[in-house]
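Visitor: Spelled out from the first residue to the last, the chains are:
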Amino acid sequence: MIPGNKDNRDGWLFSIPFLLVFVLFMLYPLVYGFVISFFKWNVLSDKVFAGFQNYISLFSDEKFYTSLWHTVEFVLITTPVLLVIGFLMALITTSKSPLKKVAENVFFIPYIFSMTVVSTLWAWIFQKQYGLLNKVIGLVGIQPVGWLTDPNWAMWSVCIATFWWTAGFNMILMSAGIKQISSEIYESAMIDGANYRQSVFRITIPLLKPTIVLCLILQIIASFNVFGQVYVMTGGGPFGKTRTIIQYIYETGFSYFKMGYSAAMSYILFFIIMIVSVVQYISLGRKSNE
Amino acid sequence: MNSTSRTKRIIYAFLLSLLLLLWFFPFVWMVFTSLKIENEVVTKVFHFFPQNPTLANYIKAFSSSKILRWMLNSAFTSAMAMILTLVVDAPIAYAFAKIRFKGRNILFWAVMAGMMVPFQVLIIPLYLQFNSYGLINTMSAVYLPRIALPIGIFIMKQFFEGIPDALEEAAFIDGASRFRIFSSVILPLGKTAFATVTILSFINCWNDFLWPLIVMNDTDKYTITVGIANFQGTHGTQYSLIMSGAVIACIPQFIFYLFFRKKIIAGIAMTGIKG
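Same order as they appear, the protein sequences are chains A and B. If you use my numbering, the first sequence corresponds to residues 1 to 290, in order. If you use my numbering, the second sequence corresponds to residues 1001 to 1275, in order.
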């Protein structure tokens, strides 16, 4: 299309800087990690080829199962709640309310702060003796709860902090989606006598489906990678009740220096995330084609 | 009829304001706590407002920790990530958008597939890799793995596709090379897209926790996220001091938000448009 066509050469020339970085910091570690996962390697000692030994040990490692379960638990709790909260927030920020701009800022601001700040703040709110939450429920005569130290509550508390922190992200995605829906559809529905609830359930949600699916996929991947807020708020406690799989990978690698074992765990996690994404993609894709 | 819908609207506005106050409240609490003296925080008596507001905690936070240093480290690594992301990602985005070269489609899908790989899966091999380069405990370790940003490529590609071919063709006829066209026609037009990408990349790097936790060992070299976690760990029950540290850590991001509010939101919204 352009005279003196050197497109093949130019295309690759322009791609080189990125490809170097991509190969060096993405493809190579991806392959290297897979190779390491077949070795027993203590960093200090030599690498010893171990075949599937790391993977076999994993399946009898109770800590691996519990950590993986805590991550799954976190995914199961946070994904639906964050989608619903994000959607409700998006309804508010796309409504005609005079408060919508304020609402958008208030809902979104927690997301821009780093996870450690948010976790420190919530760790203080949840603090057992002097924390705000226990002071408030104390006013109505409820005994203080060990939000972060009681095994029944710790995971929920971390989830609550996460809701507050990241719901604004989903709100932005969803309100961008809602804004794409033509206002004429709502207007004609109004003329036909549809009330607000009907227009939300019959118009907004069905037309927002591609965005909801995207949010769902992004959210599940993000939730599977949960680490920081748990690490800062509970350190994985009480009694390892909130230790997530990433934390276990981190500890195995950098506290016990079992690189091979840790890499094997990373791959199992990667594999699970891939399966979940593919299953979602196929099942949701099929539904929207029907 | 009209008056009921009016009361409805007032009730709705009231409930919404209440919700917004509640949602915003943790920030208020963070600031209030940071202004209190320690004895007022760790006590059975509950005061909502600071009784004797003081900046002592802030002074102590600056003097007893390296919080300023950590912020500078974060600013430096995030800025580097931001610049290098553009340098590395803009040319390939341009190639994807405007150059019909062999292998373009396969390459594009390979890059987009890279988006699916969770960074956390790479931490062990990346650590070993950086260790063997002797880059552990250096600033470059923090930002180097962050500069390949597939989503950034996607955003810039979308933008470049919107630039009319006629502009380039005119330059070609005048005898300009690809590189010239890229630097003097395309780059000046791409400002909006670059702003979005740099902001995403900046936030991405600034908020990173696990990776700097792994590669930075000296307290001098911590980024602010790791520093604050460490600060909380070492000051156990001095809650007002910890909160003042948290407030300080929030300030740069808050200013950043005030300036780039629209761009940040647009950037996130754009990641969703792909569908």
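Treat the hints with caution; some may be incorrect.
Claimed, not checked - With a Cα cut of at most 27 angstroms, we get these calculated DSSO-like pairs of lysine-lysine:
#	chain 1	residue 1	chain 2	residue 2
1	A	179	B	1102
2	B	1263	A	101
3	B	1102	A	96
4	B	1262	A	101
5	A	101	B	1066
6	A	96	B	1191
7	B	1263	A	6
8	B	1102	A	100
9	A	179	A	63
What the hints assert, rightly or not - Label-pair ranges, simulated between beta-carbon atoms:
#	chain 1	residue 1	chain 2	residue 2	range
10	B	1184	A	205	45 to 53 angstroms
11	B	1262	A	98	35 to 43 angstroms
12	B	1262	A	235	21 to 29 angstroms
13	A	49	B	1262	23 to 31 angstroms
These are calculated hints, taken from the structure and not from any lab test. Remember, it's a predicted structure, so these values are computed and weren't measured experimentally. Beta carbons are placed, not taken as given, at the ideal position from N, Cα and C, and that holds for glycine.
Visitor: Decide, hint by hint, whether the structure agrees.
Guide: Here is what the structure says about each hint:
1. 179/A <-> 1102/B: 38 angstroms, violated
2. 1263/B <-> 101/A: Holds, at roughly 15 angstroms.
3. 1102/B <-> 96/A: 50 angstroms, violated
4. 1262/B <-> 101/A: The given pair, whose Cα atoms are some 12 angstroms apart, holds under the 27 angstroms limit.
5. 101/A <-> 1066/B: It is violated: about 37 angstroms lies between the C-alpha atoms, which goes past 27 angstroms.
6. 96/A <-> 1191/B: Violated. Residue 96/A to residue 1191/B sits at ~32 angstroms, over the 27 angstroms cutoff.
7. 1263/B <-> 6/A: 36 angstroms, violated
8. 1102/B <-> 100/A: Violated, because 49 angstroms separates the two Cα atoms, which is more than 27 angstroms.
9. 179/A <-> 63/A: It is violated: about 46 angstroms lies between the C-alpha atoms, which goes past 27 angstroms.
10. 1184/B <-> 205/A: 45 to 53 angstroms: 48 angstroms, holds
11. 1262/B <-> 98/A: 35 to 43 angstroms: Violated - the Cβ-Cβ distance for residue 1262/B and residue 98/A, about 20 angstroms, lies outside 35 to 43 angstroms.
12. 1262/B <-> 235/A: 21 to 29 angstroms: About 38 angstroms separates the Cβ atoms of residue 1262/B and residue 235/A, which means 21 to 29 angstroms is violated.
13. 49/A <-> 1262/B: 23 to 31 angstroms: For residue 1262/B against residue 49/A, whose Cβ atoms are near 55 angstroms apart, the range 23 to 31 angstroms is violated.
Of the numbered hints listed earlier, those contradicted by the structure are 1, 3, 5, 6, 7, 8, 9, 11, 12, 13.
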